[in-house]
Amino acid sequence: MNQPVAIEPVCVGTVKGPGETPHEFTFIAPDPDRRVKHGEFVYYLTQVDGQERRILGRVTGRESVRLFPDSFMADPSVPPAQIAALLGYDSDASELFEITVAVLGYHDSQMGEFINPRVPPAGGSPVYIADDAWLAQILSKRQRGEIGSAHLGSLLSRAPDAVPVALDVRGFTSTHLAIIASTGSGKSYLAGVLLEELMMPYNRASVLIVDPHGEYNTLQEMQNLPAFREGNYKPRVRIFQPDAVRVRIDTLTLPDLRYLLPNLSEKMQYQLSRAYRFAQRSFKGGYTLEQLLYAVRQTSDNKKGEDEAGFDDEDDPTTGGLVWRLNSVLGNSRIFNDFENLELDELCAPGLCTVIQLNEVDQREQQVIVATLLRRIYQARIDTTKKKVGRGDKNYIPFPVFCLLEEAHHYAPASADAVSTDVLKQILSEGRKFGVSIGLISQRPGKLDSDVLSQCMTQCIMRITNPIDQNRIAESVESVGRDLLRELPSLSKGQVIVSGASVNTPVLLRVRQRLTRHGGESIDAPAEWHAWFERDGAAARQDTALPAARRVQREEDGDILFA
Amino acid sequence: MTITIGKIVKSNTHVDYVCQIYGPGESDVLPQPGDYSFGTFVSIRLEGQAAPGERLVGVIYNTLLMNPDFGNLGPRLSPRQELEVFTPDYLAETATLVGIIALGWIDSGGRPWQGVPAVAATVNTPVHRLEDDELCLFHQGDQGRLNLRYVPMLLGQNSPLVPQLLLQIVDRLARLFPQERSRLAVMRNNLAWKNIVQPAG
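So the protein lines, in turn, are chains A and B.
For the first sequence, UniProt numbering gives the first residue as 1, with consecutive numbering after it.
For the second sequence, UniProt numbering gives the first residue as 1, with consecutive numbering after it.
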């Protein structure tokens, strides 16, 4: 392999010796320009199999080995260097650092990964700072703008846009993705960037977004931006408002029904399962709520005759309770419907980004909607792959689908039992074979099911200050080194650690500018209050103002006649 | 021109010699204070068993003034000008002594060696000031690169003057070997840090 040769290698230090672990080494650097930052990439040269290789490493620690004595800092207004100069030490070389480096290895373009030479560098070897062009080539599995690339941003330790980093879309669409950050760290913004990249002409993905906050409306701007167009291609963005979200009753499984119906007794559960099976058997083409209720009555132990049956005169309290609960949950819902459903061919298509808005929807209903949607998509992909359905069928999806779930801890909570957890787990563990991939966005990894989090092989982690959440990440995410996890509380808005299957090595990124507007901006409360006074305040004052003194006519006994 | 600054009168160790600076009448060319200043490199011709032309190379690290009149509070009978006439021996007893540490030698072939010499100098051997070209020769290694192999030996003398002596040597060599300035700067900074900054903290 011919490695590109740096034009002017910049030597920043000298190898001191091996570090604490087998894949670490330390080097000494004066670093007057403060170039050797945490997370910075450096390399040394060594012979591997008779060929000179550049062995890349990431700076993981920095300790000072030479400091001015504390007593030189007795007066804050006098720099210690001036004291030293006073004594005759007038050199600038007052600082020396011992830098710890985790060795990544040399990049083998054929294997597409880093190979560790497993031998520490010789003491005294020069250590160079990796140049931008080389880093841009080896950190990302795909180059920016290539088919299957998602350009998220640029390396944080370098100048903006000096080293662009692109995720390998194939990596996260086969082994899933997680975006984890505390609130206000920019996770929706990052997700927006990722979605933009997925809808670019070089990706043309089929994406389904579950949006419980209604933040992704602005993605519609993609349809009009020239950056997203190429030839005949332009992305489509469909937004399903909560009013338009429909789940057909016969797509609900028995666990869905059990989950939706409140306080079911053992007997009710038993009867519900019998009624469900009865309905499945009896109404092959699908059933309505009425038919389901019919099934409940038919499976009642104290079944009445056909002509005796009625809604209001249930003798059996179990049947009565079940009917009442089904009516109350499904009959009064605007989501669950006898005939209408979100059809898969409307939701999924290459170049189509579908946003299912679930704001104002009850959380249990949200979970059932997500569970049914994911289950149907997954089943459709299985059926399509196994050629059980063909062209023209509404469940025919001959392409992979990427599903992005905002507030994923609602759908796979750690401590509670949600109906959507099982299907999520199933897709996360088996979806790769059938081309269904999940992107999870959560601000509380501590509340997210640990199995679910650990199945996401690409992780985008932003600022997290909560120690419980930090620990959960450390437990669930193997690919991020401890050194990078230590950075978590200090990350700023828009800074993200990306690791896992979609990048060659964990990297610290500055997220790029979005092309579409960000829909999840925080509300500027003081500005809104000011605006209220300018806009509505005058009118409100008018409404509440007391009337000018009017002549009041009174009756003789003092009561007001009119005013 | 090679200037003879004095003669060896004593040694404290195998490498530590005392040289008496020539006074008036002892040498054709009277050495000036600058010729035997602190940090001056000198050569001492080896006699006896040593090969012809072989000489020690050392550096002046200390100065001592001998004054037999010190502490004598009695009246002086004659002023100094008259002493030269009436009691010249008394004047000869005042002397300037310099301490020299031998840092290496130059063999009969003119090749420099740094380290502890095998052969010691003898009493009354004249001491010459080393010129810049000889100084450069003494510090040049095999590939013409600068050598300072005597530094550990100097530091091992435990003299409070040695660190300053080394700083002075390094500064002088930086002027003579401009291409070696970066290497010398590392050493100078290190010495300066240990001897100036750390003790003061």
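These aren't lab readings, by the way, just hints derived from the structure by calculation.
One or more hints might be untrue.
To be verified - Computed list of lysine-lysine pairs in DSSO-like fashion (alpha-carbon distance at most 30 Å, straight line):
1) A:K234 - A:K16
2) A:K37 - B:K194
3) A:K425 - A:K386
4) B:K194 - A:K16
5) A:K425 - A:K141
6) A:K141 - A:K433
For clarity, every value in this text was computed on a predicted model and none was experimentally measured.
Quiz item: So which hints don't hold here, by number, going up?
Solution: Of the numbered hints, just 1 does not hold.
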